[in-house]
Amino acid sequence: MASSLRTILFSARFLKPTHTYMACHNYIHDLKCKKLLIQEFGDPLKVVQSTVENIDGPKEDEVLVQMLVASINPADINTIQGTYPVKPELPGVPGHEGVGKIVEVGNKVKDLTVGDIVIPNVENFGTWRSHTVVKADLVYKIPNNVPLVEVAGIASNTSTAYRMLKDFVDLQPGDSVIQNGGNSAAGQNVIQFCKAWGLKSINIVRSRPDIDKLKEHLTGLGASYVLTEEELRTTELIKSKEVPAPKLALNCVGGKSASELMRKLAPKGVIVTYGGMSREPVIIPTSLLIFKDITAKGYWMTRWTSVNRHNEARRKMFDEIMDLMRSGKIKAPAHKLVPFESYKEALENTATSKGFAGVKYILDFRSIIFGDNTRPIPILN
Numbered sequence: 001m002a003s004s005l006r007t008i009l010f011s012a013r014f015l016k017p018t019h020t021y022m023a024c025h026n027y028i029h030d031l032k033c034k035k036l037l038i039q040e041f042g043d044p045l046k047v048v049q050s051t052v053e054n055i056d057g058p059k060e061d062e063v064l065v066q067m068l069v070a071s072i073n074p075a076d077i078n079t080i081q082g083t084y085p086v087k088p089e090l091p092g093v094p095g096h097e098g099v100g101k102i103v104e105v106g107n108k109v110k111d112l113t114v115g116d117i118v119i120p121n122v123e124n125f126g127t128w129r130s131h132t133v134v135k136a137d138l139v140y141k142i143p144n145n146v147p148l149v150e151v152a153g154i155a156s157n158t159s160t161a162y163r164m165l166k167d168f169v170d171l172q173p174g175d176s177v178i179q180n181g182g183n184s185a186a187g188q189n190v191i192q193f194c195k196a197w198g199l200k201s202i203n204i205v206r207s208r209p210d211i212d213k214l215k216e217h218l219t220g221l222g223a224s225y226v227l228t229e230e231e232l233r234t235t236e237l238i239k240s241k242e243v244p245a246p247k248l249a250l251n252c253v254g255g256k257s258a259s260e261l262m263r264k265l266a267p268k269g270v271i272v273t274y275g276g277m278s279r280e281p282v283i284i285p286t287s288l289l290i291f292k293d294i295t296a297k298g299y300w301m302t303r304w305t306s307v308n309r310h311n312e313a314r315r316k317m318f319d320e321i322m323d324l325m326r327s328g329k330i331k332a333p334a335h336k337l338v339p340f341e342s343y344k345e346a347l348e349n350t351a352t353s354k355g356f357a358g359v360k361y362i363l364d365f366r367s368i369i370f371g372d373n374t375r376p377i378p379i380l381n
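When we follow full-length UniProt numbering, the leftmost residue of the sequence shown carries the number 1, and every step to the right adds one.
Heads up, some of the hints might be wrong.
[Claimed, not checked] Here are the computed lysine-lysine pairs in the BS3-like style, where the Cα-Cα straight-line distance is at most 25 Å:
id	residue 1	residue 2
1	K110	K141
2	K135	K101
3	K110	K239
4	K141	K59
Just so you know, these hints were derived from the structure itself, not from any lab.
Take these sequences, add in the hints, and give me the full structure.
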């Protein structure tokens, strides 16, 4: 299989181009790929460097993956800074999430074939590179007909939203959920799941000059209500019973914002914390513990994945999410595709407060250009 593909690709250089091309060496001797590399932990704008290397073809139990797109998440920034709980070996390539295409397989690989679309099956996969050779079981095959940008975030933000809505409270159609960070990538997924499942979502965002535009965007995704933090403190929405008191609150901010969510919970409600963008502690008012009997829990997608990586629950989750993506009920959060060469822009905007403005940056590897007139090889369609 591998040798046949090498022959085909070698012959392809003599053919007139008929589709998109990517710059890399031929597969007979080596493959030239671009990647982002860190030698030490620190400020992403200082420690992340672009480099080019040659890699060999896959061994018998390996696959060669051509990365197509890769998400840049706050977790990636924390990993580069050395503050994320799961640290990669150094030197290393950052990137937890991405989508790739199999372009070559080892002769003992049975479940994957050339042209398959895959996502990482492990943390710290190192998606910020044009190509990589990995063991076949380190990637997860997905259908070829799922929108590329949507599936780029399926393992992190989309799955986080899915699991938080499924795992903590038995929500039924008509129930309500309240969340802060409603314009974050995970928050936008929460809105869409709630819409698809018949749940009402109360979404809290920071006030800003273009607040009306943001409210319009989130409402367009399916948000039942969008309030600023100031509006949440004075709203009669829940007290008037226009919407039932939420059984579930989702917190990615912390501090006073989290406390305000708790005040709106129904008796025996649950608040789930999955982030702390304000860097302020979550403080639970004593009266809410005593008189409302609320429960506070935490959620980390990496922990869930490490336990459920190979079980039926993960496959079922991905299948349901991808069905919703194909039907248009789950769309990618507001995002910006940036070419590989513009990675610094994406890093800067994700590492600063701009990264929490509701725009997700996605590296696009499909038009990488090498500066040495390397012969192009066609992307397999």
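Against the structure, the hints:
1. K110 - K141: The hint holds at about 12 Å.
2. K135 - K101: Answer holds: K135 to K101 is near 14 Å, not above 25 Å.
3. K110 - K239: Given pair K110, K239 is violated - Cα atoms ~59 Å apart, limit 25 Å.
4. K141 - K59: holds, 19 Å
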